Amino acid sequence: RVLVTDNLSPKGIEIFEKTPGIETVVDNKITADGLRKSLKDFDALVVRSRTRLTADLIETAERLKVVGRAGTGLDNIDIEAATKRGVAVMNTPGGDTVTTAGHALSLLFSLTRNVPQASASMKAGKWEKKKFQGREIAGRTMGLIGLGRVGSLVSRRATRGLKMNVLAYDPMITEEAALRTGARLVSLDELL
Numbered sequence: 038r039v040l041v042t043d044n045l046s047p048k049g050i051e052i053f054e055k056t057p058g059i060e061t062v063v064d065n066k067i068t069a070d071g072l073r074k075s076l077k078d079f080d081a082l083v084v085r086s087r088t089r090l091t092a093d094l095i096e097t098a099e100r101l102k103v104v105g106r107a108g109t110g111l112d113n114i115d116i117e118a119a120t121k122r123g124v125a126v127m128n129t130p131g132g133d134t135v136t137t138a139g140h141a142l143s144l145l146f147s148l149t150r151n152v153p154q155a156s157a158s159m160k161a162g163k164w165e166k167k168k169f170q171g172r173e174i175a176g177r178t179m180g181l182i183g184l185g186r187v188g189s190l191v192s193r194r195a196t197r198g199l200k201m202n203v204l205a206y207d208p209m210i211t212e213e214a215a216l217r218t219g220a221r222l223v224s225l226d227e228l229l
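Take the sequence shown: its letter number 91 is residue 128 in the numbering used here, and every next letter is one higher.
Honestly, the hints are just simulated from the structure, not real lab data. Mixed in with the good hints there might be a few duds.
Claimed, not checked - Beta-carbon label-pair distances, calculated as ranges:
{"id": "1", "residue 1": "R221", "residue 2": "T120", "range": "48 to 54 Å"}
{"id": "2", "residue 1": "D93", "residue 2": "G171", "range": "46 to 52 Å"}
{"id": "3", "residue 1": "G198", "residue 2": "M159", "range": "23 to 29 Å"}
Source: prediction; values computed, not measured. Here a beta-carbon is modelled for each residue, glycine too, at the ideal position from N, C-alpha and C.
All chains should be built: construct the whole structure from the sequences, respecting the hints.
This is the structure we're talking about:
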């Protein structure tokens, strides 16, 4: 039995439902108390960010064998408590990397092109075209703190597609790895 407690793509739920031997229950409005009462009847739990799986909840989950986090982080799951109980915890690193990188770039466009201000002006019945022209981003320099999955993708898109110069600070990667994303590693002080 699989309990899904957060909004999950219908495609994901369909995979569970089509798999013989798996009974799927979806309750994406379940409270912590509701989870405490029902979790004991499930072998697997699928969460995203909303559900917090604490040590006390894990203790009540007698049948629980696996927790799947549809997303990158695991900060909403008590990994130590799960490990003590022999519950496997998995996530989907990179699952929303493209979306997150795209969102970061859309925010960059929104800010440089004054989209929020222009939208508010239009909704107020004004036409202030020159006031909200914004700035071109090609040839400008972007600073990134971190070149992990998302930062690397932002760098690739910014340098290759948008023709930006990217400076990055990340003490965990090599200069060569940074260059493969199009970024040049610098110190945090230089970046700021």
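Enumerate the violated hints, using their earlier numbering and listing them in ascending order. Going through the list in order, the structure violates hint 1 alone and respects the others.
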